[in-house]
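Sequence order for the protein chains is A and B.
Start counting the first sequence at 1; every next residue gets the next number (my numbering).
Start counting the second sequence at 1; every next residue gets the next number (my numbering).
Don't read these hints as lab results, they were simulated from the structure.
Heads up, the beta-carbon is just placed ideally off N, CA and C, and yes, glycines get one too.
Be a bit skeptical, because a hint or two may be false.
Unchecked claim - With the C-beta cut set under 10 Å, the calculated list includes, among others, these residues of chain B facing chain A:
1. ARG5
2. ASP13
3. ARG21
4. ARG23
5. TYR66
6. VAL73
7. LYS77
8. GLY79
9. ASP84
10. ARG194
11. PRO196
12. ASP321
13. LYS324
14. GLN343
Said to hold, decoys possible - Sample of chain A residues with no beta-carbon within 12 Å of chain B, all distances over it, derived:
15. GLU65
16. PRO149
17. GLU182
18. LYS185
19. LYS191
20. ASN194
21. PRO209
22. LYS272
23. GLU286
24. ASN292
25. LEU321
26. TYR340
27. LEU341
28. THR342
Stated by the list, open to error - Restraint ranges, calculated between C-beta atoms of paired labels, are given here:
29. GLU178/A - ASP13/B: 54 to 62 Å
30. THR454/A - LEU293/B: 52 to 60 Å
31. ASN120/B - SER456/A: 35 to 43 Å
32. ASP28/B - THR171/A: 34 to 42 Å
33. GLU23/A - ASP13/B: 33 to 41 Å
34. ASP28/B - ASP96/A: 49 to 57 Å
35. GLU27/B - GLY320/A: 56 to 64 Å
36. LYS445/A - GLY281/B: 49 to 57 Å
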Amino acid sequence: MLMMEYTFKQLEEWDSKIYKIIESEGLDCFPQEYEICRYEDMICFEAYAGMPSRYPHWSFGKAYERKKTLYRYNLEGLPYEMVINSDPCIAYLMKDNTLLLQILTIAHVYGHNDFFKNNRLFAEGTRARNTIEMFKNHADRVRSYVSEPAIGYEKVERIMDAAHGLRYHTTRVIGLKELSIEEMKKRLLQKYHNDIKVEGPLDEKKDIPFPNLNKVPLEPTDDIMGFLIEYSKLEDWEKDIIEIVNEETKYFIPQIETKIMNEGWASYWHYKILNKLELPQSLHMEFLNRHNQVIRPFIGGINPYFVGFKMFEDIEKRYGLDKIFEVRKLERDQSFIRKYLTEDLCKDMNMFQYNKKGSDYVIEEISDKEGWKKIRDTLANNVGMEGIPYIRVVEVSTKDNLLTLEHEYDGRELDLTYAYETLKYLSTLWGGKVKLRTYINNVKKFITCNEDKTISITKF
Amino acid sequence: MGVFREIDSSGSDRASGDRRRHRKLVEDSIKKNIGGIIAEESIIGENKDKKIKIPIKGIKEYRFIYGKNKPGVGSGKGGEQRGDKIGSDQIQQGQGEQQAGNNEGEEVYETEITLEELINYLFDDLDLPYMDRKKFNEIESEKKFKRLGYQKKGIKPRLAKKRSVIEKIKREKATQRGKDVELETDGNEEERERFPFKEEDLRYYHIRNDIKRESNAVVICIMDTSSSMDISKKYIARSFYFLLYQFVRLKYVNVEVVFVSHSTVAKEVNEDEFFHRGESGGTYISSGYEKVLEIIEERYNPAIWNIYAFHCSDGDNWREDNEKAVKFAKKLCETCNLFGYGQISSSGYIPSSTIKSEFTSKVKYSNFSIVNMSRKEDIIPALKKMLEKEEGLGE
């Protein structure tokens with residue numbers, strides 16, 4: 001057992017003081033549970049995104065090794081805490097931390113907890129009550145396939161690797177009710193009949209083709225995972241693995257979409273709470289030190305704690321306390337930045353926009369009158385799921401089982417090495433040839449992955 | 001209000017299975033690229049315990065990502081101006097990690113492994129059976145002691161202290177069992193009687209002198225340093241010798257290396273001269289072989305030494321020397337465990353002389369092999385081909 005420089009009783013006392021402030025400030029939290037763990041456990045929780053009961057996969061082992069290496073060489077500090085979006089909310093605290101760090105973390109965790117419970121994306125997109133159960137259930141299913149003699153580890157891994165490669169290509173809009181195929185057909189027919197309606201006697205008859213109701217997919221879809229479950233020829237257990245990965249991704253998407261807001265919100269609250277706690281002088285000094293470490297700009301990059309904290313402080317200053325509660329409920333990083341990142345904030349944070357010229361990165365825009373809006377928009381377009389290329393399944397040609405996809409080009413091109421390999425994964429899952437329409441060096445091209453996993457590029 | 005719990009997972013290691021699998025995949029990827037890694041010039045000639053850093057493209061988790069030609073946003077220190085250069089590709093990698101989205105930086109791990117591990121991977125991969133060493137080549141190299149348990153009589157230096165204490169405790173327990181139960185129950189620690197060692201408690205290591213048989217090997221590298229051997233050819237030869245040396249060193253405790261370079265005359269040189277000094281002039285291959293036979297005669301008695309000789313040349317031998325070269329080659333086959341000839345040809349160049357075909361038709365020994373190398377990638381297959389001869393020899 002490690003020596004702790006505090007007792008459980010102390011933690012409970014500070015927690016109850018913090019909780020009083022939380023209540024009086026109007027934060028609305030799930031019941032909170034804290035697990036005090038060792039350093040090794042912390043790395044493990046991080047590697048499994050807080051879910052040690054996840055299904056087995058080497059990528060978690062890789063994450064573990066990576067974290068461990070980074071800490072060993074002091075390239076990255078250990079996180080003070082790790083919070084899980086679940087009801088009750090579970091947070092891990094690292095045993096070796098100082099008392100002040102634990103106090104700071106407890107306050108920070110309540111911020112996340114409130115965010116999980118109230119932000120629209122979490123409330124609508126995840127089921128906090130079932131979280132732990134869901135991950136356990138998935139792990140059990142995957143393990144059962146692994147131990148099935150006819151399947152086994154390698155076959156599961158093959159599908160899992162491929163599913164991981166495509167996991168972010170699922171429905172992006174949270175809370176949207178998906179139309180069934182029948183409803184989609186109905187809607188297409190309705191649209192057709194509306195379109196061909198002739199308004200007056202003098203109007204020419206419109207030449208609109210009758211919609212092809214047997215087309216797969218009926219309309220282009222960005223939900224590649226869902227499409228594979230619906231239309232691929234995979235076996236049931238293989239589809240189940242895609243389903244599992246897909247469900248877990250849906251759990252994580254709200255976190256991806258609100259990284260800046262979530263950390264900003266938690267930091268805003270830990271700062272406010274600790275200032276109200278009337279800490280003894282020595283703890284107060286340590287608090288300010290730690291806080292400044294967390295809320296420091298990453299030169300040349302974006303520190304979500306820093307940007308989020310600054311923005312919430314600014315919103316409160318400009319619109320009042322009620323407004324920040326509304327913002328934390330309704331927005332995600334993209335809309336948050338678009339609506340609330342101002343010229344003054346950009347200037348204050350010395351934000352700039354860079355681009356690659358040759359092998360160098362060169363500043364294109366700085367936060368002045370002309371530049372700040374571009375900076376704001378570029379940032380908004382790169383946060384959360386906006387950072388992941390938008391790719392849709394367009395059609396399947398029944399003749400040769402060719403799956404065609406298109407990348408919605410917005411000036412950002414795909415990394416080709418990654419695209420080739422990902423297409424190979426897709427071809428594995430689809431069970432045939434796969435073709436992606438995209439832009440390479442500003443020219444429209446097709447990348448094709450043949451059945452034998454060779455890649456070819458053709459002009460459009 | 002929060003609930004606090006301490007979790008004690010000491011002993012359990014949730015990640016171990018996934019880490020093992022990941023390491024296996026990394027290992028596989030090293031093995032796959034081993035030819036390229038090992039033939040890198042920088043590691044040739046390094047000490048086997050030296051840790052070398054090899055960049056391993058981490059086992060990537062491929063998905064659709066954007067390339068680098070896209071604008072990004074960062075915080076500055078203030079005072080930045082349009083057009084300022086803020087970095088080149090290298091620096092950018094780290095920053096990718098910290099971006100709010102999911103942009104991961106390029107994942108390149110540096111794995112540190114010793115050269116020996118690397119070589120082991122390589123030879124694992126070549127799937128070579130363990131070499132049978134010729135019995136008569138074994139020599140008594142070292143005397144070692146082997147422990148064979150304990151005995152009651154012995155000399156003081158061989159006293160087995162731990163064992164003796166155990167024996168004493170055994171005796172003590174046995175004595176107590178015999179005494180009254182009463183004494184045990186109110187067994188007062190302080191009043192416990194002193195219980196000294198007796199002669200019968202003492203145990204000594206039983207030791208036998210063990211003669212370890214070791215075998216010695218010498219790798220003789222012969223290289224044509226005539227003007228037609230250019231740098232790239234020498235590089236191939238060098239890589240080849242390096243690997244051959246590593247292989248032999250895996251199998252034998254004592255390995256010596258001899259370098260002989262020749263043009264029309266041969267001389268024994270040191271490693272540095274061997275690899276770096278260029279010569280000029282024509283080629284008498286026989287001169288090199290003759291020199292090697294001389295060295296073997298003087299220093300490496302085939303009765304004690306396993307001899308591996310290998311000759312790299314571009315095949316451009318002067319015609320009048322061919323007959324003599326064949327004669328000495330045969331003699332080398334009779335003397336050495338393995339004798340090999342590697343012809344290094346750069347693409348498009350066809351040597352005017354045909355020493356290779358001379359060898360092919362006239363030197364018919366099971367321990368003689370001829371390999372062809374023209375690119376870096378040919379080195380390992382060539383090595384494999386040659387070492388398969390060794391396998392045949394063992395039978």
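Hints versus structure:
1. ARG5: 5 Å, holds
2. ASP13: Where the cut-off is 10 Å and the nearest Cβ of chain A is about 8 Å from ASP13/B, the hint holds.
3. ARG21: 4 Å, holds
4. ARG23: Result: holds, 7 Å to nearest chain A Cβ.
5. TYR66: With a closest approach of 5 Å, the TYR66/B hint holds.
6. VAL73: 4 Å, holds
7. LYS77: 6 Å, holds
8. GLY79: 8 Å, holds
9. ASP84: 5 Å, holds
10. ARG194: Cβ of ARG194/B sits 37 Å from chain A, so the hint is violated.
11. PRO196: 39 Å, violated
12. ASP321: Violated, because the Cβ-Cβ distance from ASP321/B to chain A comes to roughly 50 Å (cut-off 10 Å).
13. LYS324: 52 Å, violated
14. GLN343: 34 Å, violated
15. GLU65: Not fine: 6 Å to the nearest Cβ puts GLU65/A too close to chain B.
16. PRO149: 19 Å, holds
17. GLU182: 31 Å, holds
18. LYS185: LYS185/A is indeed farther than 12 Å from all Cβ atoms of chain B, at 30 Å.
19. LYS191: 31 Å, holds
20. ASN194: Since the minimum Cβ distance to chain B is about 36 Å, ASN194/A lies beyond 12 Å and the statement holds.
21. PRO209: 32 Å, holds
22. LYS272: 18 Å, holds
23. GLU286: 21 Å, holds
24. ASN292: Given a closest Cβ separation of 15 Å, the condition holds.
25. LEU321: 23 Å, holds
26. TYR340: Its Cβ never comes within 12 Å of chain B, the nearest being 15 Å, so this holds.
27. LEU341: 10 Å, violated
28. THR342: Check passes; 15 Å lies beyond 12 Å.
29. GLU178/A - ASP13/B: 54 to 62 Å: 41 Å, violated
30. THR454/A - LEU293/B: 52 to 60 Å: Since the Cβ atoms of THR454/A and LEU293/B sit about 53 Å apart, the hinted range of 52 to 60 Å holds.
31. ASN120/B - SER456/A: 35 to 43 Å: 39 Å, holds
32. ASP28/B - THR171/A: 34 to 42 Å: Since the Cβ atoms of ASP28/B and THR171/A sit about 36 Å apart, the hinted range of 34 to 42 Å holds.
33. GLU23/A - ASP13/B: 33 to 41 Å: 40 Å, holds
34. ASP28/B - ASP96/A: 49 to 57 Å: Hint violated: Cβ distance 36 Å, outside 49 to 57 Å.
35. GLU27/B - GLY320/A: 56 to 64 Å: 59 Å, holds
36. LYS445/A - GLY281/B: 49 to 57 Å: 56 Å, holds
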